[in-house]
Amino acid sequence: NAGVTQTPKFRVLKTGQSMTLLCAQDMNHEYMYWYRQDPGMGLRLIHYSVGEGTTAKGEVPDGYNVSRLKKQNFLLGLESAAPSQTSVYFCASSYPDRNYGYTFGSGTRLTVV
Amino acid sequence: AQKVTQAQTEISVVEKEDVTLDCVYETRDTTYYLFWYKQPPSGELVFLIRRNSFDEQNEISGRYSWNFQKSTSSFNFTITASQVVDSAVYFCALSEAYPGGGADGLTFGKGTHLIIQP
Chain V
1 NAGVTQTPKF
11 RVLKTGQSMT
21 LLCAQDMNHE
31 YMYWYRQDPG
41 MGLRLIHYSV
51 GEGTTAKGEV
61 PDGYNVSRLK
71 KQNFLLGLES
81 AAPSQTSVYF
91 CASSYPDRNY
101 GYTFGSGTRL
111 TVV
Chain S
114 AQKVTQAQTE
124 ISVVEKEDVT
134 LDCVYETRDT
144 TYYLFWYKQP
154 PSGELVFLIR
164 RNSFDEQNEI
174 SGRYSWNFQK
184 STSSFNFTIT
194 ASQVVDSAVY
204 FCALSEAYPG
214 GGADGLTFGK
224 GTHLIIQP
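Protein chains in written order, with the numbering used here: chain V, 1 to 113; chain S, 114 to 231.
There's no promise every hint is true.
Claimed, not checked - Here are the computed lysine-lysine pairs in the DSS-like style, where the Cα-Cα straight-line distance is at most 25 angstroms: (1) V:K57 to V:K70; (2) S:K223 to S:K116; (3) S:K116 to S:K151; (4) S:K116 to S:K183; (5) V:K71 to V:K9; (6) S:K183 to S:K129; (7) V:K57 to S:K223; (8) V:K9 to S:K151; (9) S:K116 to V:K57; (10) S:K129 to S:K151; (11) V:K9 to S:K116; (12) V:K71 to V:K57.
To be verified - Residues from chain V that keep clear of chain S, each with C-beta distances beyond 12 angstroms, as calculated: (13) V12; (14) T20; (15) A56.
Calculated from the structure, these hints are not laboratory results.
Don't be surprised by glycine CBs; every beta carbon is placed ideally from N, CA and C.
Working from the sequences, and respecting the hints, build out all of it.
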């Protein structure tokens, strides 16, 4: 099915470990986003990309890095995981015309112990 | 900067009651988009509606209806004859438009947890 695919769906990390979350979309969307969802906080934007090779910081970028080497993929990296990064991470994509809306992945539940 | 406020953290009603979820937004843009998403216990985000700032018509979709009022910067969501399956967290979100391109995504409210009791 067309859409946004996130891998992995679940992961437990130890403090200080690193990992990469992968987001892949097959809708030829220009824009891609990474959000984190914490209880009572809604979803907050971590980083976003408006096209291949470009990235920008969102509301809560500290502790994360991203890359968009291919249009269809948007990677979120944690170089040294901290317990404060325990969260549910959502990837989304959209066309430049926001009238077409946003498509979200199913989320990645990350626990840092 | 834009902001979305959902003042109701949790609402609990008995099945078949009507319930309204409030959403108030702040933006300096004249062109923007408002959204509602549903997040059931399974965790995925389900798109419900998108409305642009130039369309103040209310919308009805089955038991769901939305009331957009620019004068009060509100985009409220009403469920008529609620059902247990409506139990979920509901998010209101705002997206500003950039005519020259670029995007900074959606700004979400903190969500309203709706509990429908049988």
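Hint check:
For the proposed pair K57 of chain V and K70 of chain V, the alpha carbon gap of about 18 angstroms is at most 25 angstroms, so the pair holds. In summary, the hint linking K223 of chain S to K116 of chain S is supported, as the alpha carbons are separated by about 10 angstroms, within the 25 angstroms threshold. With a CA separation close to 19 angstroms, the supplied pair K116 of chain S and K151 of chain S stays within the 25 angstroms bound. Between K116 of chain S and K183 of chain S the alpha-carbon distance is near 15 angstroms, which keeps this suggested pair within the 25 angstroms criterion.
For the given pair, K71 of chain V sits about 22 angstroms from K9 of chain V by alpha-carbon distance, which is consistent with the 25 angstroms threshold. With a CA separation close to 30 angstroms, the supplied pair K183 of chain S and K129 of chain S exceeds the 25 angstroms bound. Among the hinted pairs, K57 of chain V with K223 of chain S is consistent with the structure: their alpha-carbon atoms are about 21 angstroms apart, no more than 25 angstroms. A C-alpha spacing of about 20 angstroms is found between K9 of chain V and K151 of chain S, which places the hinted pair at or below 25 angstroms, so the restraint holds.
For the suggested pair K116 of chain S and K57 of chain V, the alpha carbons sit about 18 angstroms apart, so the restraint of at most 25 angstroms is met. About 19 angstroms separates the Cα atoms of K129 of chain S and K151 of chain S, which keeps this hinted pair within 25 angstroms; it holds. At roughly 30 angstroms between alpha-carbon atoms, K9 of chain V and K116 of chain S are farther apart than 25 angstroms, so this suggested pair is violated. Proposed proximity of K71 of chain V and K57 of chain V is supported: the alpha carbons are some 18 angstroms apart, at most 25 angstroms.
Against chain S, the non-interface label of V12 of chain V holds: every CB pair exceeds 12 angstroms, the least being about 17 angstroms. Residue-level check passed: T20 of chain V sits 21 angstroms from the nearest beta carbon of chain S, beyond 12 angstroms. Once the 12 angstroms rule is applied to beta carbons, A56 of chain V is inconsistent with being away from chain S; the minimum gap is 8 angstroms.
In terms of the numbered hints stated before, the structure departs from hints 6, 11 and 15, listed from lowest to highest.
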